[in-house]
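Asker: Sequence:
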Amino acid sequence: MQENESGQWLRVLRDRGLIPGDTLAISLVGSVAHGWHNERSDYDFYVVTEREPEFADGSSITMPLNPPRVRSQSFYLGERRWEVTYWLDGHYDQMLAKVSRDEYNRGVAPARVLAAREELALGRLDSCVILAGEPWFEARRAQVAGSAFRSFMIARSLGASDNCVEDALGQMKSGNLESATLSARAALGSSVDALLEGLGQFGSQAPKWRPQRFRAARPDALSFEDYWALETMRDYDPEDPRPWINQVLTICQDIAMRVEVS
Numbered sequence: 001m002q003e004n005e006s007g008q009w010l011r012v013l014r015d016r017g018l019i020p021g022d023t024l025a026i027s028l029v030g031s032v033a034h035g036w037h038n039e040r041s042d043y044d045f046y047v048v049t050e051r052e053p054e055f056a057d058g059s060s061i062t063m064p065l066n067p068p069r070v071r072s073q074s075f076y077l078g079e080r081r082w083e084v085t086y087w088l089d090g091h092y093d094q095m096l097a098k099v100s101r102d103e104y105n106r107g108v109a110p111a112r113v114l115a116a117r118e119e120l121a122l123g124r125l126d127s128c129v130i131l132a133g134e135p136w137f138e139a140r141r142a143q144v145a146g147s148a149f150r151s152f153m154i155a156r157s158l159g160a161s162d163n164c165v166e167d168a169l170g171q172m173k174s175g176n177l178e179s180a181t182l183s184a185r186a187a188l189g190s191s192v193d194a195l196l197e198g199l200g201q202f203g204s205q206a207p208k209w210r211p212q213r214f215r216a217a218r219p220d221a222l223s224f225e226d227y228w229a230l231e232t233m234r235d236y237d238p239e240d241p242r243p244w245i246n247q248v249l250t251i252c253q254d255i256a257m258r259v260e261v262s
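The opening position of the sequence shown corresponds to residue 1 in my numbering, with each subsequent residue numbered one higher.
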């Protein structure tokens with residue numbers, strides 16, 4: 001991002017009174033931060049404050065945190081929608097506590113450790129465009145790196161894939177090939193997510209960006225061409241789906257053997 005763009009974004013937020021006095025950090029997140037956006041993409045910002053901001057309008061999103069919500073403000077500038085989400089510094093303390101090494105070693109279920117927005121918030125720390133508060137980001141990134149966040153995410157995705165693989169095998173055995181196909185597709189998505197999470201490409205809550213995440217990660221275990229052929233079901237034969245299903249399940253099992261969880 002160009003420095004003048006960052007200044008322009010901050011100026012718009014400041015002029016609209018959307019940067020509280022106790023702000024610790026501001027970042028641009030989402031597709032624009034990655035360079036994956038198009039002319040209809042929203043501008044999404046995270047603002048981290050010490051206390052809950054007080055606005056006469058806006059909305060709140062319920063979160064399993066204390067306080068149990070994040071606040072947001074949205075507006076249009078021209079045809080572009082801007083959304084600003086306000087996280088408390090204490091929210092990050094709580095989220096990091098949920099994915100600590102102690103929690104992981106205690107056997108907390110990976111699928112339940114974080115809500116989707118919490119997962120996004122931690123995953124975006126590395127991929128965001130910092131607009132203000134660089135020391136805050138440096139400290140939080142170091143905390144995430146020292147936590148079990150990556151391990152939790154990989155274990156969650158591998159667990160989801162394993163469940164779908166088992167479903168597909170059972171469905172094939174019973175002759176339910178349509179359901180087995182859908183289970184295999186779901187297994188593939190979760191396996192690829194685990195592969196990408198192992199390489200620091202988080203964001204599995206938004207499958208639409210999986211191809212972009214794949215290209216950014218460039219995993220050795222699977223080429224993009226092979227992945228995309230499976231994702232788009234290029235070789236799928238509705239008259240004889242078993243070969244495609246078996247190929248997908250084999251690749252899922254191969255990924256599970258290659259990805260290191262811890």
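Just so you know, these hints were derived from the structure itself, not from any lab.
Treat each hint with caution, since some may be false.
To be verified - What follows is a list of derived Cβ distance ranges for each label pair:
(1) 58 / 126: 53 to 59 Å
(2) 134 / 80: 21 to 27 Å
(3) 212 / 17: 32 to 38 Å
(4) 107 / 253: 21 to 27 Å
The structure presented is a predicted model; accordingly, all values stated were derived computationally and were not measured.
Positions of the beta carbon are idealized from the N, C-alpha and C atoms, including for glycine.
Asker: Looking at the structure, which of the earlier hints fail to hold?
Answerer: Checked against the structure, the only hint that fails is number 1, while the rest are satisfied.
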